[in-house]
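Make the full structure from the sequences, and use the hints.
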Amino acid sequence: MSTPLLYALAGVGLCLLGLYGLIVYAHLLRKILALNIMGSGVFLILVALARRSGDSPDPVPHAMVITGIVVAVSATALALVLLVRFSAATGRNQLDDDEHSP
Amino acid sequence: MIEASGTPLPWIVWVILLPLIGAMLCFLWPRQGKTLGLLTALATLLAVIALYFQLLDGGVIRYAVGGWGAPLGIALYADGLSMLMLLMSALVGVGVSLYALGYFKHSPDNPAGFWPLWLLMWTGLNGLFVAGDIFNLYVTLELLGLSAVALVALAASRDALGGAMRYLFVSLLGSLCYLIGVALLYHAYGTVDIALLGTLVERNPATHVALGLMVVAMLLKSALFPLHFWLPPAHASAPAPVSALLSALVVKASFYLLLRLWFDVFSTVSMDLGMVLGVLGAAAIVWGSVLALRQTRLKLLVAYSTVAQLGYLFLPFALLSPLAWQGGVYFVLSHALAKAAMFMAAGNILAFGGHDRIADLDRVAQRLPITMTAFCLAGVSLMGLPPSGGFIAKWLLLDAALSHDQWGWAVMMMIGGLLAAAYVFKVVGFAFTQADAPHDAQPVSPFMEWSALALAVCAILLGLNAHYPLELLAIGGPVTFVSPSP
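Keeping their order, the protein sequence lines are chains A and B. Each step along the first sequence adds one to the number in our numbering, with nothing skipped, and position 57 is 57. Each step along the second sequence adds one to the number in our numbering, with nothing skipped, and position 184 is 184.
Hints in this document: simulated from the structure, not taken from any laboratory. Check the hints yourself; a few may be wrong.
Quick partial rundown of chain B residues pointing at chain A, CB under 10 Å, derived from the structure [as the list claims (entries may be wrong)]:
(1) TYR138
(2) VAL139
(3) LEU146
(4) ALA150
(5) ARG158
(6) LEU168
(7) PHE169
(8) LEU172
(9) CYS177
(10) ILE180
(11) ALA183
(12) TYR186
The following residues of chain B were derived to be distant from chain A, with all beta-carbon distances above 10 Å [as the list claims (entries may be wrong)]:
(13) ILE21
(14) ALA50
(15) GLY59
(16) LEU385
(17) TRP395
(18) VAL411
(19) MET414
(20) ALA454
(21) LEU461
(22) ASN465
Away from chain B, derived, C-beta distances all over 10 Å, residues of chain A [to be verified]:
(23) THR3
(24) TYR7
(25) ALA10
A virtual CB, placed ideally from N, CA and C, is assigned to each residue, including glycine.
In structure tokens, the structure reads:
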């Protein structure tokens with residue numbers, strides 16, 4: 001098994017782990033962390049796939065990952081601010097499942 | 001096709017740059033937010049109109065920002081479909097900006113945050129509509145999602161914060177799925193340019209996985225049944241102008257992206273999935289309408305109606321005829337205008353009585369006649385009665401279904417129309433009756449009443465001028481759109 005393929009599979013693993021965490025855990029901070037893990041998995045896939053034939057890696061996916069990291073940082077910041085506001089307003093740190101059912 | 005040119009910058013760049021500059025200015029000088037925001041909205045509208053005339057003159061527009069093409073640079077691209085979306089956003093955007101002038105005067109919601117975030121969201125929208133490569137689509141999608149979430153949270157109520165949180169998770173999950181799709185496509189074909197990808201894509205596992213992930217991401221963001229769970233709490237709890245923007249424009253952006261991918265990138269491999277999307281769309285029409293009927297709060301009713309109406313957008317994926325596609329795009333336009341007007345009217349009723357319980361509307365029809373007219377006109381378009389835009393859209397869809405003897409879809413559309421009539425009349429009925437417990441009424445700004453009415457009238461006028469949008473759609477559109485006019 002080649003090294004890039006190993007990295008790509010590890011990235012897929014991280015994605016699935018993050019997705020599992022996002023769905024299973026109710027605590028909002030855990031959900032935010034799970035999304036971050038999933039994001040790292042996606043970036044790992046991008047970087048791993050950048051290594052095509054030959055020795056020099058393709059720079060374009062790296063540029064994409066940098067953009068992606070900027071987006072992920074801002075999204076995490078927004079999520080954390082929302083979490084702080086939410087727990088200040090409700091005293092809870094998880095979403096109610098049935099607060100909007102008719 | 002023309003390469004965009006102009007001095008010093010072409011219009012296609014201005015439609016993104018103007019709202020961005022406006023957002024920064026509003027952020028720096030929050031006290032002048034209203035003036036700056038309104039000026040920016042008008043300037044953006046003018047830039048979009050200028051781009052429209054350029055498109056009419058010269059056909060499809062392409063522009064590589066700074067002379068750098070994809071993948072490292074930013075490629076911009078505008079055809080008839082992009083132009084329709086830009087015009088729709090500009091029209092709704094100006095209407096909502098006028099509405100916001102009145103809304104934030106009396107509302108407890110944070111007005112300083114609205115203008116920069118809304119203009120930033122407009123930047124994301126316009127950027128998405130003219131993006132020419134799939135990676136820039138990802139960036140604009142995130143810009144749009146993050147500013148939309150922040151706008152929902154402006155209401156700062158318990159419900160709004162919960163709704164915003166849920167919306168943020170869904171939005172990020174969708175974007176990440178989309179990004180994996182981008183990674184796979186880039187790895188397989190070595191480009192992110194939409195036009196180039198369209199010529200290269202072939203049937204293989206990587207393409208199918210990318211298609212699956214990207215379609216799921218867009219369904220999640222467009223809130224197609226059964227992935228709609230996040231939409232009603234977020235749209236119903238946001239401040240009224242924000243609800244209008246989210247329901248009218250933001251969900252349409254991901255639908256537009258899906259159309260682009262479907263026709264321009266995956267046209268050779270996507271057709272197998274179409275029937276699934278059509279069935280989900282039909283389920284959304286029924287399920288969303290039934291839930292809308294069961295709501296006791298006006299804003300939630302309107303939000304569930306969005307879930308139902310979004311279902312119609314996915315019927316063309318199963319109908320597969322040019323007529324159906326025209327109907328689908330027409331539906332996007334008419335729903336944007338009608339739903340924005342309806343959410344604005346609902347916001348007026350909420351501001352007027354201090355609550356939005358449908359059973360206690362307490363004679364708003366007599367006391368807020370302009371708002372109620374707007375609500376009813378928007379309802380006419382949602383039900384699909386002539387001469388509204390919604391009627392033309394449904395007519396095109398029905399025609400497409402019947403001309404191919406696909407009766408099932410036609411029946412679904414009829415049921416959807418009847419259910420829409422039921423939930424609109426439920427509200428209208430209570431608007432004439434006196435409530436058991438009368439309540440104090442707050443004054444409603446004329447800006448709020450008249451802007452809601454203006455957009456509702458536009459939704460009706462759209463039905464009287466059907467050939468303009470359809471002609472525009474044919475400019476540079478995918479082969480499937482171009483057909484003899486109905």
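Going down the list of hints, with the structure as the test:
1. TYR138: holds, 8 Å
2. VAL139: With a minimum Cβ separation of about 6 Å from chain A (threshold 10 Å), the hint on B:VAL139 holds.
3. LEU146: Holds: closest Cβ of chain A sits about 6 Å from B:LEU146, inside 10 Å.
4. ALA150: holds, 6 Å
5. ARG158: With a closest approach of 5 Å, the B:ARG158 hint holds.
6. LEU168: holds, 6 Å
7. PHE169: OK, holds: B:PHE169 within 10 Å of chain A, min 6 Å.
8. LEU172: Since chain A brings a Cβ to about 5 Å from B:LEU172, closer than 10 Å, the hint holds.
9. CYS177: Holds: closest Cβ of chain A sits about 9 Å from B:CYS177, inside 10 Å.
10. ILE180: Status holds, d = 6 Å.
11. ALA183: Status holds, d = 5 Å.
12. TYR186: Result: holds, 7 Å to nearest chain A Cβ.
13. ILE21: Holds, since 20 Å exceeds 10 Å.
14. ALA50: holds, 30 Å
15. GLY59: Holds, because the least Cβ-Cβ distance between B:GLY59 and chain A comes to about 30 Å, which exceeds 10 Å.
16. LEU385: Correct as stated: the minimum Cβ-Cβ distance to chain A is 27 Å, above 10 Å.
17. TRP395: Answer for B:TRP395: holds, closest chain A Cβ roughly 32 Å.
18. VAL411: holds, 26 Å
19. MET414: Label holds. Min Cβ-Cβ 25 Å, cutoff 10 Å.
20. ALA454: Per Cβ check, B:ALA454 is outside 10 Å of chain A; nearest 31 Å; holds.
21. LEU461: holds, 34 Å
22. ASN465: holds, 38 Å
23. THR3: A:THR3 is indeed farther than 10 Å from all Cβ atoms of chain B, at 15 Å.
24. TYR7: holds, 12 Å
25. ALA10: holds, 14 Å
The structure shown violates none of the earlier numbered hints.
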